[in-house]
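Asker: Protein sequences appear in the order of chains A and B. Using our numbering, the first residue of the first sequence is number 1, and each one after it goes up by one. Using our numbering, the first residue of the second sequence is number 1, and each one after it goes up by one.
Be aware that a few hints might be false.
Stated by the list, open to error - Below 30 Å or equal to it, Euclidean Cα-Cα: the simulated DSSO-like pairs (lysine-lysine) are:
no., chain 1, residue 1, chain 2, residue 2
1, A, Lys-137, A, Lys-30
2, A, Lys-87, B, Lys-137
3, A, Lys-30, B, Lys-137
Said to hold, decoys possible - Some, not all, of what chain B presents toward chain A, calculated at C-beta under 8 Å:
no., residue
4, Ile-28
5, Gly-32
6, Ile-33
7, Arg-34
8, Ile-46
9, Ile-68
10, Leu-71
11, Glu-72
12, Asn-73
13, Gly-76
14, Ile-80
15, Arg-83
16, Glu-109
17, Pro-110
These are computed hints drawn from the structure, not numbers from a lab. We put the beta carbon where it would ideally sit given N, CA and C, even for glycine.
2 protein chains.
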Amino acid sequence: MPAKDLYHPTVCNALLKDGWTITDDPLILKLGIRSVFVDLGAERVIAAERGSEKIAIEIKSFLSPSPIRDLENAWGQFFIYSRALAKRDPDRTLYLAITQETFSNIFQEPIGQLLLEEPGFRLMIFDPQLEAIVTWKSSI
Amino acid sequence: MPAKDLYHPTVCNALLKDGWTITDDPLILKLGIRSVFVDLGAERVIAAERGSEKIAIEIKSFLSPSPIRDLENAWGQFFIYSRALAKRDPDRTLYLAITQETFSNIFQEPIGQLLLEEPGFRLMIFDPQLEAIVTWKSSI
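Just chain A, same shape as in the assembly (with noise of 0.2 Å):
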């Protein structure tokens, strides 16, 4: 099983602030021989009538010595696994976790951008310090 994230507890309990419940920690998808590990797994009650939202978060913290090869390996992990997940677990939505930082840093840049004009890429951007959730974004 790879190593957490630095931010993982700090993810977990921005999900838990905002009602979320971890379901899986990691969610594993098999695929054949291989299981693929998504750091987590949640769901939220949305309406009593309309059922529960689940969610899939890939934590990256963007702290490697080149932030070119945090990108290609954020985009690597983030689109297998959201094909994964349409074979698996389709009704699950898939967010790749990363700081206000990185998203105020990389991600304006135009390298960064490549990624958040990709079709189906989805974003949730937190606080680390008060460990909350700012906002969740998506490129389409």
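Please build the complex by placing chain B on the supplied structure of chain A, with the hints as guidance.
Answerer: Quick look at chain B alone, frame taken from chain A:
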């Protein structure tokens, strides 16, 4: 500049044997303040009247202990480079160069099939012993 892949000279030789001229080693794409390095740029005359065909090649040896991590990295690099090429050098077609063995293993599993099903994904499969191109493959 990132380290060269183990198969860098092998792929250069395979391209030369196939009539390509290596024009960029690496191919550098500027995006804002960042530079993206694709392993190789190459060009080949198609026919006098039709001009030349231009490609970019990213080489992946898939030799890490985790084939899933290799696949995630390959996915991230391929699609960032393909989006960057679409903006900076739109006449050039990107291929991921992998060995026959890699194609016969992880790419035949359900997780590898996810990448083969992805629109716009393209492979150049080579034989590392013969230093020769085996085939070019496109997802669409």
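Asker: Are the hints correct? Go through all of them and say.
Answerer: Hints, verified against the model:
1. A/Lys-137 / A/Lys-30: 28 Å, holds
2. A/Lys-87 / B/Lys-137: 24 Å, holds
3. A/Lys-30 / B/Lys-137: 27 Å, holds
4. Ile-28: 12 Å, violated
5. Gly-32: Hint on B/Gly-32: holds, closest Cβ of chain A at ~4 Å, below 8 Å.
6. Ile-33: Nearest chain A Cβ about 7 Å off; hint holds.
7. Arg-34: 5 Å, holds
8. Ile-46: Violated, because the Cβ-Cβ distance from B/Ile-46 to chain A comes to roughly 30 Å (cut-off 8 Å).
9. Ile-68: 6 Å, holds
10. Leu-71: 7 Å, holds
11. Glu-72: Nearest chain A Cβ about 4 Å off; hint holds.
12. Asn-73: 6 Å, holds
13. Gly-76: OK, holds: B/Gly-76 within 8 Å of chain A, min 3 Å.
14. Ile-80: 6 Å, holds
15. Arg-83: Hint on B/Arg-83: holds, closest Cβ of chain A at ~4 Å, below 8 Å.
16. Glu-109: It holds, given that the least Cβ distance between B/Glu-109 and chain A is near 5 Å, below 8 Å.
17. Pro-110: 4 Å, holds
Hints 4, 8 from the earlier list are contradicted by this structure; the remaining hints agree with it.
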